[in-house]
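Here the protein sequences come in this chain order: A and B.
Quick note on numbering that gives the first Met the number 0: the first sequence kicks off at 0 and runs consecutively.
Quick note on numbering that gives the first Met the number 0: the second sequence kicks off at 0 and runs consecutively.
Misleading hints may appear alongside valid ones.
Stated by the list, open to error - Cβ pair distances, simulated, as ranges:
#, chain 1, residue 1, chain 2, residue 2, range
1, B, D8, A, R142, 30 to 40 Å
2, A, K109, B, K17, 37 to 47 Å
3, A, D547, B, R74, 23 to 33 Å
4, B, S16, A, D465, 32 to 42 Å
5, A, R142, B, K17, 21 to 31 Å
Unchecked claim - Away from chain B, derived, C-beta distances all over 10 Å, residues of chain A:
#, residue
6, M50
7, E101
8, V175
9, S203
10, D244
11, N267
12, S271
13, E308
14, R328
15, N331
16, K467
17, L516
18, D547
19, L552
20, V566
To be verified - No more than 25 Å apart at the CA atoms, straight line, and that leaves these computed lysine-lysine pairs for BS3-like:
#, chain 1, residue 1, chain 2, residue 2
21, A, K401, A, K150
22, A, K148, B, K23
23, A, K438, B, K23
What the hints contain is simulated information worked out from the structure, not anything from laboratory work.
Positions of the beta carbon are idealized from the N, C-alpha and C atoms, including for glycine.
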Amino acid sequence: MEIINLEVDFLVVGGGTAGCMAAVKAKQKSPDSSVLVLEKANIRRSGAIAMGMDGVNTAVIPGNSTPEQYVREITIANDGILDQSAVHKTGLLGFDVIQELEEWGVKFQKDNEGKYDLKQVHRVGKYVLPMPEGKDLKKILSRQVKRNKIKVINRVMATRVLTQNGRAIGITGLDVRSGDMYVIKSKAILLCTGACGRLGLPASGYLYGTYENPTNAGDGYSMAYQAGAKLSNIECFQINPLIKDYNGPACAYVASPFGAYTANASGNRFISCDYWSGQMMLEVWRELNSGQGPVHLKMYHLDESTISEIETILFDNERPSRERFHAGRGENYRRDGVEMNISEIGLCSGHSASGVQVDEFMRTSIPGLYAAGDMANVPHNYMIGAFVSGRVAAEHAMDYIKDIDHGDVDSDFINTEKERLLAPLNNPNGIPHTQVEYKLRRFVNDYLQPPKSPKNMKIGLEKFIDYKNVIDELGARDPHELMRCMEIHFIRDCAEMAAKASLYRTESRWGLYHYRLDFPNRNDEEWMCNTIIKKSLDNNEMTIFKEDLKPYLFDVNLNEEKYDVSVA
Amino acid sequence: MALTSNRVDVPVIVDESKCLDKCKACIEVCPLDVLAKNPDTGKAYMKYDECWFCLPCEKECPVGAITVQIPFLLR
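For reference, chain B alone in the conformation it holds in the complex (with noise of 0.2 Å):
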């Protein structure tokens, strides 16, 4: 079956200068298991387009890195 990739608007947003390289609370914390770490720059992002804007990886970061944006298609 042929597959396509789509842009999606992503609701986590993360301020890349901030994130920490070895920390990970925002992908520990996070229910849906949506983050990762880019591994060619160790900082987290949204690997999942899965996000119930519930706000703990926000609330949990210790550096301020992470903004989340309520999901386009309900904003």
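Just chain A, same shape as in the assembly (with noise of 0.2 Å):
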């Protein structure tokens, strides 16, 4: 294992839709500085939005919405437990990067007057803008980046985020073809490494059938939290309703503007609106528990031209192969329903609202270290929210580097990671990846998949404490395994993290997300706060504690509106 040492101004972990952007957005503001994208795939087809997007889901455009009302809705619909200023900036930024987007080649659905042809998918307001032909957009991102002749190192995987006297001062990573140890310094380092895609275990029992992208592992959730940074609400889980067994959207957002809806076993509707949130999932949840599942996405109420226009673009964009998914079980959205199903759970807050915790210039907790994207905790962020959360870390970050020198490196930190990463290889018939991923991903469901209850969640607790002994035992035969050996580490912190923050908050919130049996209503007066996870760095401990929520910038009042998404 060589050890291959570099030095940049900005270091951007993580390729993908917020990674891309900000390492434009570095370049276009420091054009003197050196700015590395680091990606473990290759930029070109990496991250959630590998082949492409079918639309936006936060797109607050100028004479349809205000940012302000955006903030009103996340506020709602995340029951209250939020930063509105992060939230605020992507109003405030979202309608300059379609614009921008836009100038790159990206195509925005219009109307007949040449207007943005936005759709109402959320409970109230119009914030969903297709893009019917948005399957290359991570090659026009790609583009850019070449364009703006930033340097990237494709197939190597962040493994530690380096720190010395609390600051962010560089990562290790690792080399997934050669096996050789990355060590690369940097003044400020962002994060935008995606969700975590791989915690819970898909029922059809194949680990990389997820709904994420699986080499989204938690990397960064992880990564922040062994360099002490803050997470928070990591109990507000991502659970989705997916097809069944394919695992992928089933994409109301797309065909209910058409006039599909999401049904029951009569073909009713029981949801008022298909806008992903904890308060839906618990309606589906309580529909199959009722004798009404299962639930499907309902068109073939719908005539021939409108289902194949729906067809043309489900087929085309994010996950094009759902057209073979249904072909082979001679599925036909004419005659029948895409049959839905409750997803595993994963942590991201580009969907639902758990991650390491930024301020409105995704700061973390350290200084230098920023935030962006999937994981960073910004509720309800989608793609919009990314680029944004992208570009504002990386001009902030722009200007923080400009009084800053590049730190030391402690060569004992940089010891003990290299045995750490060597330790699978020095045992090549230790235990698969495979066995030891999956099992662990199984106590996942078994213990924490909602509704929590007490007694499962410790016993998950302390499963996964006692996990880190069975990942002493993995074996890896070549560097490919030892990536997936080091992404164990990644699911098994993001696990433990999972059990605690959900066992200490005392109630339920967040619908689904975080319904505990035992505490099963919402407890303002108690709860309406923060719950952060940290890393005591006196004994390396995992701690959990309340922090006040940060001052509404536009006051809502949360007991008259309540987000209620059922149907009488």
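Make one complex out of these two single chains by using the hints.
Here is the structure:
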């Protein structure tokens, strides 16, 4: 294992939606600075939008909605737990991002008058902007990275954040093909490694049959935690209503503006709005537990031309293999509903609201360390939020680094990390990563899948802590297998945090995301606050505590405005 | 520890009669990095059963040598 040392001004860890935008914005703001994108896959097709995206969910377009209206809606949808100033950024800058993407060649849907063709999918307000031709989004982004002459290193996975006196000064990484170790010093670091999409085990049993791109194993959640950063509201899981077995979105967002809707076994509506929320998921769970399942996305009542149009979008974008999935089962939207199921759990602030705590400049609690995209806790942030948070982080970081010198790397830390990386390779006949990961994620299902029970979660927490010993038995025969082994460390950290946070918040909130059977009601008096997880730097123990919400920018009366999507 | 190897029905099927020896398009673009060249034949194959059935390999293959099936457990 060679050690490769590098030094840059600004390091972007993860070349997905947020990372590509961040790199471009950093370079534009400070052309003489060295910017590096580190990517565990290849930025041409990596991250959550590897195969494009069929629409934007959080488009605040002047004339249709205001940033204030958007912040109010997300405040209500997220049961009041948020930093409004960070969500406000998505509302303020999203339109700018959309216009810039258009200049880059991304096409958004417009009406006959040339205006953005916004659709209502949220409970209140039109924020969904279709992109029927969004399949090449990632190629367009990576072209911009190239055009701005930004250095990219593909196939290197970051493993740890380096700190010095509480400041982030670099990262360690693993070349997943050569097995070499990277030590990269940087004046500021942006973590944007996506969701923890490999937390629960899909019902199919296939480890990589996940909703999120399975490369996103919670890397950033774990690295930020290990570096001593704060993470917030990890008990607010990501759980989605997905195509059963296939585990991709049924895409009511796309289909509902055409007249499709989520229906129960009788073909009737049971939710009033198709926007994903914990409250919506709780309605799905109740429907399935009332003998009215399975639920399905219903299109069979629509006419041929409408169904064809929906198919053109769904079979071309985001998860295009769904066409062959349905074909293999002899299913046709003209006749059959799209059978849906409740997904396994994950962590993702892009969809729900758990992640590394950030302020409105995407600063984490560690100076020099920023977070953006799905892993940064800006609730319901989706793709536009990823672009905005990447841009905001980069622009702030380029000011921050002006008066900063590189730190000094602790050689003991590097040696310890090298040993951690070498351990599975030195044990080639150890337990394969597939089995170790399978069992860990099955425990996640067994003990953490909502509704949550206290004793279950306690058993889960103990098992996840004990699992450190199982990880010690991992064996890897090549650098690729080593990558998967190191990802299990990330997944285990996320599982422990998910159990710890879920036990701590003794109330129910966010619908199914944090539905506790022993505390079934929301308790604003005690729990209208953040829960913060942080590693104690004294004894390396996981600590958890309450923290006040930041004052709201816009008053919202949460007693009067309850997020209710049930159909009476 | 004793290890055994199991037969697995893999999602990525390569038509070796079409696959170009010097081309690595599919290998470079796979997010999960599961594809490799068989050193004996020079043809691409699925080395690790870790597929997201996302299709970049199939779309970016210049000669249409790749077909991605939905993994058996999901099919």
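Do the hints match the structure? See the list:
Between B:D8 and A:R142 the beta carbons are some 36 Å apart, a value that agrees with the proposed interval 30 to 40 Å. A hinted range of 37 to 47 Å holds for the C-beta pair A:K109 and B:K17, which are about 40 Å apart. A C-beta distance of roughly 50 Å is found between A:D547 and B:R74, which places it outside the suggested range of 23 to 33 Å. Between B:S16 and A:D465 the C-beta distance comes to about 51 Å, which lies outside the given range of 32 to 42 Å.
With their beta carbons about 28 Å apart, A:R142 and B:K17 fall inside the hinted range of 21 to 31 Å. With a cut of 10 Å on Cβ distances, A:M50 falls inside the contact zone with chain B, its closest approach being about 5 Å. At the 10 Å boundary, the C-beta of A:E101 stays outside the reach of chain B, the nearest C-beta of that chain being 24 Å off. With a cut of 10 Å on Cβ distances, A:V175 falls inside the contact zone with chain B, its closest approach being about 6 Å.
With a cut of 10 Å on Cβ distances, A:S203 falls inside the contact zone with chain B, its closest approach being about 5 Å. Once the 10 Å rule is applied to beta carbons, A:D244 is inconsistent with being away from chain B; the minimum gap is 5 Å. Chain B leaves A:N267 outside its interface by the beta-carbon criterion, the shortest separation being 28 Å against a cut-off of 10 Å. With 10 Å as the threshold on Cβ separation, the claim that A:S271 sits away from chain B holds: the shortest Cβ distance comes to roughly 31 Å.
For A:E308, the shortest C-beta to C-beta distance to chain B comes to about 21 Å, beyond the 10 Å cut-off, and the non-interface label holds. At the 10 Å boundary, the C-beta of A:R328 falls inside the reach of chain B, the nearest C-beta of that chain being 8 Å off. In this structure A:N331 is separated from chain B by more than 10 Å, as the shortest Cβ-Cβ distance comes to about 17 Å. The non-interface label for A:K467 is consistent with chain B: the shortest C-beta to C-beta separation is roughly 19 Å, beyond 10 Å.
The Cβ of A:L516 lies farther than 10 Å from every Cβ of chain B, with a closest approach of about 31 Å, so its non-interface assignment holds. Even its closest Cβ contact with chain B, about 40 Å, leaves A:D547 beyond 10 Å, as expected for a residue assigned away from the interface. The claim that A:L552 is not at the interface with chain B holds, since no C-beta of that chain comes within 10 Å of its own (minimum 38 Å). With a least CB separation of 31 Å from chain B, A:V566 remains clear of the 10 Å interface cut-off, as annotated.
Between A:K401 and A:K150 the alpha-carbon distance is near 20 Å, which keeps this suggested pair within the 25 Å criterion. A C-alpha spacing of about 24 Å is found between A:K148 and B:K23, which places the hinted pair at or below 25 Å, so the restraint holds. In summary, the hint linking A:K438 to B:K23 is not supported, as the alpha carbons are separated by about 34 Å, beyond the 25 Å threshold.
Checked against the numbered hints given earlier, the structure breaks hints 3, 4, 6, 8, 9, 10, 14 and 23 and satisfies all the rest.
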